Amino acid sequence: MADLSVNFAGIKSPNPFWLASAPPTNMGSMVERAFDAGWGGAVWKTLGEPIRNVCSRLAAIDLGPQRMIGLNNIELITDRSLDVNLKEIRECKRKYPKHALIVSLMVESRREAWHDIVRQVEDTGADGVELNFGCPHGMSERGMGAAMGQVPEYTSMVTEWVKEASSLPVIVKLTPNVTNIVPPGRAAVKGGADAISLINTINSVMGVNLDTLVPHPNVGGMAAHGGYCGPAVKPIALNMVSELARDREVGVPISGIGGISTWRDAAEFLLLGATTVQVCTAVMHYGYRIVEDMIDGLSNYLDDKGFASVHDIIGRSVERVTDWGNLDLNYKTVARIDHSKCIQCNLCHIACEDGAHQCIPLVQMNGTRFPVVDEAECVGCNLCYLVCPSPGCISMVRLDDGSHPQTWRELSSKQPETMTGD
Amino acid sequence: MSVTHETPITFEQIERNFREIAPPLTEAEAVMEANRCVYCYDAPCTRACPTHIDVPSFIKKIASGNLTGSARVIFDANPIGATCARVCPVDVLCEGACVEKTLMDKPIEIGRLQRYATDAATSRGRELFKAGVSNGKSVGIVGSGPAGLSCATYLARLGYDVTIYERKELPGGLDTYGMASLGELETSHDAVFLGVGLGATARLGIPGEGLEGVYDALDFIERIKTREWASVPIGHTVAVVGAGNTAIDAVTQARRLGAERVLMIYRRSAREMPAYQYEYELAKQDAVEFWWQTAPVEIVADATGSRVASLRCVRMELGEPDASGRRSTQPVAGTEFDIQVDMVVKALGQQKRLDLFGQISGVELDAAGRVRVDKGTMQTGNPKFFAGGDCVNGGREAVDASQMGKLAAQGIHFALTGERVELAGAKIVSPKTSGLH
Chain A
1 MADLSVNFAG IKSPNPFWLA SAPPTNMGSM VERAFDAGWG GAVWKTLGEP
51 IRNVCSRLAA IDLGPQRMIG LNNIELITDR SLDVNLKEIR ECKRKYPKHA
101 LIVSLMVESR REAWHDIVRQ VEDTGADGVE LNFGCPHGMS ERGMGAAMGQ
151 VPEYTSMVTE WVKEASSLPV IVKLTPNVTN IVPPGRAAVK GGADAISLIN
201 TINSVMGVNL DTLVPHPNVG GMAAHGGYCG PAVKPIALNM VSELARDREV
251 GVPISGIGGI STWRDAAEFL LLGATTVQVC TAVMHYGYRI VEDMIDGLSN
301 YLDDKGFASV HDIIGRSVER VTDWGNLDLN YKTVARIDHS KCIQCNLCHI
351 ACEDGAHQCI PLVQMNGTRF PVVDEAECVG CNLCYLVCPS PGCISMVRLD
401 DGSHPQTWRE LSSKQPETMT GD
Chain B
1 MSVTHETPIT FEQIERNFRE IAPPLTEAEA VMEANRCVYC YDAPCTRACP
51 THIDVPSFIK KIASGNLTGS ARVIFDANPI GATCARVCPV DVLCEGACVE
101 KTLMDKPIEI GRLQRYATDA ATSRGRELFK AGVSNGKSVG IVGSGPAGLS
151 CATYLARLGY DVTIYERKEL PGGLDTYGMA SLGELETSHD AVFLGVGLGA
201 TARLGIPGEG LEGVYDALDF IERIKTREWA SVPIGHTVAV VGAGNTAIDA
251 VTQARRLGAE RVLMIYRRSA REMPAYQYEY ELAKQDAVEF WWQTAPVEIV
301 ADATGSRVAS LRCVRMELGE PDASGRRSTQ PVAGTEFDIQ VDMVVKALGQ
351 QKRLDLFGQI SGVELDAAGR VRVDKGTMQT GNPKFFAGGD CVNGGREAVD
401 ASQMGKLAAQ GIHFALTGER VELAGAKIVS PKTSGLH
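Here the protein sequences come in this chain order: A and B.
Position 122, counted from 1, in the first sequence is what this note's numbering calls 122; the numbers after and before it change by one each time, with no gaps.
Position 344, counted from 1, in the second sequence is what this note's numbering calls 344; the numbers after and before it change by one each time, with no gaps.
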């Protein structure tokens, strides 16, 4: 059986599956049940000056019969006293010495305030701290959370303050509510971060009740934007994780967060550079028990593929991500339709006709109308393949005309005018 | 058993007729169906399964593409999970309890998903469990039915040296080698598990039962299982006496073998029939004739005096419920009539093996002839003997027998080592949350 244990910036964990800082890590009894269920680590619900929450706090988006493909919340950091949290963290770490216990922190932007809280956390025996520079609602209005993460100079500054006061590994949790994730990532490293975690939640309004005309979630007839997470955000998170994984100035371990529900999701984050993954929404939906299949499924996958350790896949796909300008312009694929598997829904035809390049006409064959690809016109965009509901019916086939690979970057270096489009 | 007459349909047609009723799920179908499961916690399906397979867990693993893990969850709680996926009355067990049935009358197809996962694991040939390190103790398992196989699997995983005794491979069978051999088992093993099932089909107790063309339903079905069609007897007109699930098996199989007319003869009405609704529907679809409130009084011979020519029956009327809760029956005088048949199949339920158990000292039977056991450990009145399956419950589903085999494995392990183990699905695990104490 493959070795699932990881060493994340000096923090040892029996497996790469951690609970993200969120309601599932609100208190000691919850974290302990999670460890019993198999979670390798947990990031404690963010500590700081206890807050008052509103009611209600959550809203979700469903897709057909699938509930909660996206979840949004306007809950703030812990509403429990610092002393109670610290006491439970100390007890939890004593009971579970081999699990990774990280404490998420968020206090006002004052050096002494950060020094004070991080020293108290270090005293509990916790394995590390995660600086919450990502929370996009409520706290950001008070100059905390995303308000820190959106300004690289602040990110560096606070990270330095924390490093001054503590020898614990420091993870900086980044907000995705920026136009480019690289500057905040570099700023965290510049400030001395030992690792980075991302993504925190995305600014969002979940919808409007068409009877009351009040957006969700309704707080006394009013609503505020909240933080979006769940399966729907995974592609955004994967992009940001891979952007930082391939940036040479970053170069610290990454804890991947965003829409991870299964071992497959986790494996993708690991391949794109994450050393650990953090989960919240799937646990809020189904409970701590989901980690059992994450461990079992990842372990069976590694065995099937012949990898001895989870470390063998960490970052393995990073080199497969590049800038658009480095892609081969001469690489050519076309769609092929296996008519024995065609169910005559004609979605490929209409998608190509109205959404792509008009190269899948319907053709009368043996008394039945079939979609047929005009390979000379097909641009190989994948749309028909993506909409086809019949497994194995449409495949994308490589056409190799023998031409050498050529990228836009190479082309533009020889013909500078193509860069400007003149 | 001789061949009654050549079937009017070809062997190829018979092969087609005996294919599994529901085809296997394709990968796309399985993933789609698995994703429909809402992944209940403390799930009704798991509670409804006699072996308490963690159904949401194995279905979730199909959805995540972890088929090896899925099969392991199934076989961990039920070593005959691949068989149960095909033979379980799912509509009264897991699928009957499914929340999607409650919600939309469309339960998740748990049985077919279970078949998909176990077939996938079997075809990959990956070893799911290992025999435990030998503990030097040996257990004899008498009978290789569901109870015996289940008990044997768990004991092997716990490190026991397990020997299965099956009468079909022993000349003369258990019935004839009898007590001398059972005595040997008692001395050659540290414990013995009895999963011997039930005995022969009950007799009709009417004249003509010994005629050529009269068969025991279990013998008939067993002959079909060999798939040697030329040696399977079939008549033009077949009367099956009884209305339990075995009777349904007999009528539907007779139809599939090519019998032109198949009758089911039962002394009570459709309302009292013991067969499951699903089985009844199957027989109706096979165009079986149901003769309710009808009882056979004689099997009449042909001119040669040796072969079945007709079945003489009498109409029955129903009275008040008897001690068993079913309505009593009374023949209606002067209503005798003959039905021309050339084959009669007896499907009245199996008799108990009183002869066998009566000779093991300390093993007690209840008034209905079932072996008395401790319900937790399956230990009989003789501390060295454990029992499970039909011989204990009087004849129920394979999945019930499998669970008894599991409980017996726990019981044997405790008796021989003093250690308590809890095998997967041995009992329903109560939810462990802060909200329920």
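Treat each hint with caution, since some may be false.
[Unchecked claim] If we take Cβ atoms under 7 Å as the criterion, some of the chain B residues that face chain A in the derived model are:
#1 TYR39
#2 ARG315
#3 GLY319
[To be verified] Simulated restraints on C-beta separations:
#4 A/GLY125 - B/VAL92: 50 to 60 Å
#5 B/ILE428 - A/VAL84: 49 to 59 Å
#6 A/HIS404 - B/ASN35: 19 to 29 Å
#7 B/ASN35 - A/PRO235: 41 to 51 Å
The hints are simulated quantities; they were obtained by calculation from the structure and are not laboratory data.
Remember, predicted model here, so these are calculated numbers, not experimental data.
Note that CB positions come from ideal geometry on N, CA and C, so glycine has one too.
Structure-based check of all given hints:
1. TYR39: holds, 5 Å
2. ARG315: violated, 53 Å
3. GLY319: violated, 52 Å
4. A/GLY125 - B/VAL92: 50 to 60 Å: For B/VAL92 against A/GLY125, whose Cβ atoms are near 54 Å apart, the range 50 to 60 Å holds.
5. B/ILE428 - A/VAL84: 49 to 59 Å: violated, 35 Å
6. A/HIS404 - B/ASN35: 19 to 29 Å: violated, 44 Å
7. B/ASN35 - A/PRO235: 41 to 51 Å: The hint (41 to 51 Å, Cβ to Cβ) is violated, given that B/ASN35 and A/PRO235 are roughly 19 Å apart.
Hint compliance for this structure: hints 2, 3, 5, 6, 7 are broken, all remaining hints hold.
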